[in-house]
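**Q** Residue numbers (my numbering), protein chains in the order written: chain A, 664 to 962; chain B, 36 to 686.
In case anyone wonders, no lab produced these hints; they're calculated from the structure. Careful, some of the hints might be misleading.
Unchecked claim - Short derived list, chain A residues pointing at chain B, Cβ under 10 Å:
no.	residue
1	I843
2	C845
3	Y846
4	L943
5	D949
Said to hold, decoys possible - Below, in silico cross-link-like pairs of lysine-lysine (DSBU-like), each with a Cα-Cα straight-line distance of 35 Å or less:
no.	chain 1	residue 1	chain 2	residue 2
6	B	K670	A	K729
7	B	K58	B	K176
8	A	K919	B	K268
9	A	K728	B	K176
10	B	K162	A	K732
11	A	K773	A	K915
12	B	K625	A	K734
13	A	K732	B	K268
14	B	K625	A	K729
15	B	K675	A	K915
16	A	K919	B	K176
17	A	K734	B	K635
18	B	K625	A	K735
19	B	K675	A	K877
20	B	K558	B	K635
21	B	K437	A	K877
22	B	K670	A	K728
23	B	K437	A	K728
24	A	K735	B	K635
25	B	K357	A	K728
26	B	K635	A	K729
27	B	K357	A	K729
28	B	K357	B	K85
29	A	K732	B	K625
30	B	K162	A	K877
31	A	K919	B	K58
32	A	K836	B	K675
33	A	K915	B	K176
34	A	K732	B	K675
35	B	K675	B	K58
What the hints assert, rightly or not - Anything over 12 Å on all C-beta distances counts as not near chain A; from chain B, calculated:
no.	residue
36	C281
37	P400
38	F473
39	E617
40	V627
Computed from a prediction, not measured in an experiment: that's the story for all the values here. Quick reminder that beta carbons are idealized off the backbone N, C-alpha and C, glycines included.
One-letter residues, chain by chain:
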Amino acid sequence: MEIITNAMRQLAREGLENGLDIIIGWKDGRFEWQSKPAFITEINDIESLNFNNYSLKNLSGYLLKKELKDKKIGIFLKGCDYKAYKQLVNYNQVDPENIQIWGIACPGLKERDFHGNTSNAERCQRCQEPVPEELETIIGKKEVAIQNSPEDKYQDVKKLESLATDERFDYWKDQISDCIRCYACRNTCPLCECTTCMIAGGDSNSDDWIDSAKEFSQDFFFHSIRAFHQAGRCVDCGECEEVCPVDIPISKINNKIRHDIENLYEMPEVADDDSVMGPLLDFREDDPEPGSKGGKENA
Amino acid sequence: MSKIGVFICWCGSNISETVDIEKTKAALEGLPALDYIEDYQYLCSEIGQKKIADAIKNKNLSGVVVASCSPRMHEDTFRNAAEDAGLNPYLLEIANIREHCSWVHSNKEKATEKAVALIRAAINKVKHNQPLTPGSIPVNKRALVIGGGIAGIQSAIDIAEAGYQVDIVERTPSIGGKMAQIDKTFPTLDCSACILTPKMVEASRHENIQLHTYSEVARVDGYVGNFDVEIKKKPRSIDEDKCTGCGICLEKCPGKAPSEFEEGLNERNAIYTPFPQAVPNIPTIDRDNCIKFEKDKCGLCARVCPTDAINFNQEENIIEEKYGIIITATGYQLTDPDQFGEYHYNHPDVITGMEFERIINAAGPTEGKLQRPSNSEKPERVVFVQCVGSRDKARGHSHCSKICCMYTAKQAMLIREKYPETEVYVFYIDIRTAGKGFEEFQRRAQEDYGVNYVKGMVGKVFPGKDKLRVEAIDAMTGEFLELNSDLVILSPAAIPDQKAGDVSRQLGISQGASGFFTEAHPKLKPVETQTAGIFLAGACQGPKDIPETVAQASGAAAKAIGILSKDSLVNNPCVAEVNQAECSSCFSCKEVCPYSAIEKDEAEKHGMVARVNEALCQGCGACTVTCRSSTINLKGFSNKEILSEVDAICL
Ligand code: SF4
Ligand code: SF4
Ligand code: SF4
Ligand code: SF4
Ligand code: SF4
């Protein structure tokens, strides 16, 4: 961690000296098990940058902020953050011209629950690409052990899939009825980039797709529509689940969709460059038809 | 306040037999949204239309629902009636209670229930309908014809005669196409070149026609009335303005290659004109076989050329032009018989029908003398094999190539006429001669010229020491036949030109299972494609003989002239529309739009946002369901309108 922190400070200093307007990284939170995003514009503040065990926050989402438009930005991105960044580029949300990216070989981070118990972060256990290999500058040790195999990372999803339809529905009903529709998950997601969200209700051009009534059906619509809107894009950074005040396992929904995309459409779970768009945007003459030719039987 | 009127049509008994009209009316009458309701036996009749128009005027209706047949049938009829009565035609909706209801259900009670639901949905929708006005798009009065065979030439001449400019783009160095290679035409037996050459000359001399030979279409953008096309002129290595076509260069050239025009039966030089009557009469250097280009030696042609027209440094040239319409006339080619090993096409004495045309032609490689290519001797017996790859679903193509039965009859007759002592056999599956004078012609081959027709397929051709051994079954007697032959002539399947796939992608038109271009409607729109402003002429649409090709080419020209004669076209107002203030610039819509109708627009608010090119948009709606933020909407089918229909049914 110290090596990463030192390298971060060094690069941030050089960046500011070479004309970057702002550096986005992490700094310590109030407690030792916290980490916060840091926005550095002054050389004097560089020492506050710190990468610790809890620097989970996916910073790429901040690139969407209007305040940063036309600014020259330096940003630190872990493996998962970098994938999110690439999605933003694919969907024309950021202009790579103005952005200097430094990669972080992420050693795997920790999370702490309300009872104070610390464990390896769930998302890190699923992660297959902790190092943003493509980047020119990568800080930290590149040889990072992957915690779980590609198959094993879908354990949760497979467990749910093995349940009967009714049982699955009951499980989700139970989870989703807790939702208070605070929209924190949507607001924090680096890929929820729509200027106006069609499922927000009330203030949008939603034509009443969903209303704000506190009813299970409306909550359910919200989560299913959001899941489909993330199909082929969600990078499993875990931000949504992290911020949910009522602990809804949102990652599980997204993981299920990712699993299906890979299996049914024979596509990468996440489109990794703009030549492959998500399954809902891509048309190929040899599209596998789930259930008939190609494409493994599933769902 | 909206005032909605509903008109229920009985469609004679088509609807009223299965849908209880009285009950339907009763069920609707209580609806608060409804102000007027009426039923009639035939709403599409003049009286029916008048009923609608009168009610609009007298009751001051602001929206109308017609419960009747499919909108494909009479939407225009009823919209016109509404417009005549002073209502914007897009404030009229059709509830399809025939195709979606009475025709597909038999239970009267349930069908009636469904009719009520469909009408309620339409009422709910029409309340949200907005008046729409079609826009107009200007028309470039110039036509592009892709392909310079007889189809392309005929279309171009017809359009040029109507007073419009036409460009022909032809891939090879000369126009003329396959027809130029053919010796005689059926059923009249006139000389193909004699009737084609004047047309070629007419095309080249016509003041409204511009020829781009040795050229290809590189890029097509745009839409009906406004196609933007890039034409790539390949370097001929000859200065066309200086060359007089004297042909001196052709004589000295030591570079050699098989002649395409002679079907590879003899050679041409590296600098060549494909055939003596070629138009334009300007040679082309085939750079792949020219010694100057291969080894930087020779250069003889340049030395002998009296006008200094040879230019080895000529470069590819791209020209850009705008067109109002495009006609595709890319023609056909013959399938390669090599894939049917049993016929031994690799043997010199096994040839195709097209090779025979060259052999029998007085200007061809043998000066018209019938010879075996292997030893230049006169054959004593000739065997024709029909349907090589045609009507052969398993190994070849399922379609019938249509022209082979007739050209084989013609070729057989030509042989018997010139060399009556030659024995001629034709092996066929069945004979197809549907055309004016065709059956009579084919019978003459059998009855007057003594050609032996054997119903049955040839199983194998074995190259023997001197002769070819042909094995076949006579399907009439079941007998196994074995005969020696000196020459075997195959009729390979006619398939689309090799570049048809590229053209289809460039133009956004579709190909059927056999690869030929698909017409918009097989009966009523045979020369149109699904893409407005693009038409089909000749064998690119399917195998055709010359008269049919010419007829279709003129048909395509007539359709084209119909567009070119207008100053502007009315477009469908049901197009997509972006709320730019809310667009998040993800351009997912651009990705899915099959008509490339979405463009990037410089926005005041933030960077680029999506904009719909209304002239290109076909109103398919793909973009509207793709847009995550519901920012893009289809006019006439907005989310609001659709959702209120759903509400009417579900809530
Ligand atoms: S953060 Fe949790 S509670 Fe809030 S909207 Fe998302 S799922 Fe619902
Ligand atoms: S949906 Fe959740 S896990 Fe996926 S990218 Fe958004 S915040 Fe990250
Ligand atoms: S330069 Fe090429 S084209 Fe000219 S004569 Fe020589 S081989 Fe023929
Ligand atoms: S899909 Fe919607 S948000 Fe994205 S560019 Fe198109 S209109 Fe804008
Ligand atoms: S409605 Fe269809 S054609 Fe029109 S812009 Fe949308 S996707 Fe393209």
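**Q** Taking the hints in turn, state whether each one holds.
**A** A quick look at each hint next to the structure:
For A/I843, the suggested interface contact is broken, since its CB lies about 23 Å from the closest CB of chain B, more than 10 Å. Here the hint on A/C845 is broken, as its CB sits about 20 Å from the closest CB of chain B, past 10 Å. Look at A/Y846: its Cβ only gets to about 14 Å from chain B, farther than 10 Å, so that hint breaks. Contact between A/L943 and chain B, as hinted, is supported at the beta carbon level, the nearest pair being about 7 Å apart and thus within 10 Å.
Hint status for A/D949 relative to chain B: violated, with the closest Cβ pair at about 16 Å, above 10 Å. Taking the CA atoms of B/K670 and A/K729, the gap is near 31 Å; set against the 35 Å cutoff, the hint holds. Restraint check: the Cα-Cα separation between B/K58 and B/K176 comes to about 56 Å, which exceeds 35 Å; the hinted pair is violated. At most 35 Å may separate the alpha-carbon atoms for a hinted pair to count; A/K919 and B/K268 exceed this at roughly 53 Å.
Taking the CA atoms of A/K728 and B/K176, the gap is near 49 Å; set against the 35 Å cutoff, the hint is violated. Taken as a hint, the B/K162 and A/K732 pair is broken in the structure, with Cα atoms around 42 Å apart against an allowance of 35 Å. Among the hinted pairs, A/K773 with A/K915 is consistent with the structure: their alpha-carbon atoms are about 19 Å apart, no more than 35 Å. Proximity of B/K625 to A/K734 is assessed by CA-CA distance (about 28 Å); at most 35 Å being required, the pair is judged to hold.
Restraint check: the Cα-Cα separation between A/K732 and B/K268 comes to about 46 Å, which exceeds 35 Å; the hinted pair is violated. Proximity of B/K625 to A/K729 is assessed by CA-CA distance (about 24 Å); at most 35 Å being required, the pair is judged to hold. Between the alpha carbons of B/K675 and A/K915 the distance comes to roughly 32 Å, so the proposed pair stays at or under 35 Å and holds. Among the hinted pairs, A/K919 with B/K176 is inconsistent with the structure: their alpha-carbon atoms are about 55 Å apart, more than 35 Å.
For a cut-off of 35 Å, the pair hint linking A/K734 to B/K635 stands: about 23 Å separates their Cα positions. Under the criterion of a C-alpha separation no larger than 35 Å, the hint pairing B/K625 with A/K735 is consistent with the structure, at around 29 Å. Among the hinted pairs, B/K675 with A/K877 is consistent with the structure: their alpha-carbon atoms are about 22 Å apart, no more than 35 Å. Between B/K558 and B/K635 the CA atoms are separated by roughly 39 Å; this puts the pair beyond 35 Å, and the hint is violated.
Taking the CA atoms of B/K437 and A/K877, the gap is near 68 Å; set against the 35 Å cutoff, the hint is violated. The hinted pair formed by B/K670 and A/K728 meets the criterion: a straight-line CA distance of about 32 Å does not exceed 35 Å. Of the pairs offered as hints, the one joining B/K437 and A/K728 is violated, with about 66 Å between alpha carbons and a cut-off of 35 Å exceeded. Restraint check: the Cα-Cα separation between A/K735 and B/K635 comes to about 24 Å, which is no more than 35 Å; the hinted pair holds.
The hinted pair formed by B/K357 and A/K728 fails the criterion: a straight-line CA distance of about 43 Å is larger than 35 Å. For the proposed pair B/K635 and A/K729, the alpha carbon gap of about 20 Å is at most 35 Å, so the pair holds. Restraint check for B/K357 and A/K729: not satisfied, since their Cα atoms lie roughly 41 Å apart, outside the 35 Å limit. Simply put, B/K357 and B/K85 have alpha-carbon atoms about 45 Å apart, too far for the 35 Å limit, and the pair is violated.
A hinted pair counts as satisfied when its Cα atoms are at most 35 Å apart, and A/K732 with B/K625 qualifies at roughly 24 Å. The suggested pairing of B/K162 with A/K877 holds, with an alpha-carbon distance near 29 Å, which does not exceed 35 Å. Annotation: proposed proximity of A/K919 to B/K58 is violated, straight-line Cα distance about 49 Å (limit 35 Å). As the CA atoms of A/K836 and B/K675 are separated by approximately 29 Å, the hinted pair is consistent with the 35 Å bound.
A distance of roughly 59 Å separates the Cα atoms of A/K915 and B/K176; the hinted pair therefore is violated under the 35 Å criterion. Among the hinted pairs, A/K732 with B/K675 is consistent with the structure: their alpha-carbon atoms are about 34 Å apart, no more than 35 Å. Between B/K675 and B/K58, the direct Cα distance comes to roughly 29 Å. Compliance with the 35 Å bound is thereby established for this hinted pair. Under the 12 Å C-beta cut-off, the non-interface status given to B/C281 relative to chain A holds; the minimum distance is some 51 Å.
Distance to chain A confirms B/P400 as a non-interface residue, since its nearest Cβ pair spans about 42 Å, more than 12 Å. Its beta-carbon lying about 39 Å from the closest one in chain A, B/F473 satisfies the requirement of being farther than 12 Å from that chain. With a minimum CB-CB distance of about 5 Å to chain A, B/E617 fails to clear the 12 Å threshold, and the non-interface call is violated. The Cβ of B/V627 sits about 6 Å from the closest Cβ of chain A, inside the 12 Å cut-off, so the non-interface label is violated.
In summary, the structure is inconsistent with hints 1, 2, 3, 5, 7, 8, 9, 10, 13, 16, 20, 21, 23, 25, 27, 28, 31, 33, 39 and 40 from the numbered list given earlier, while agreeing with the others.
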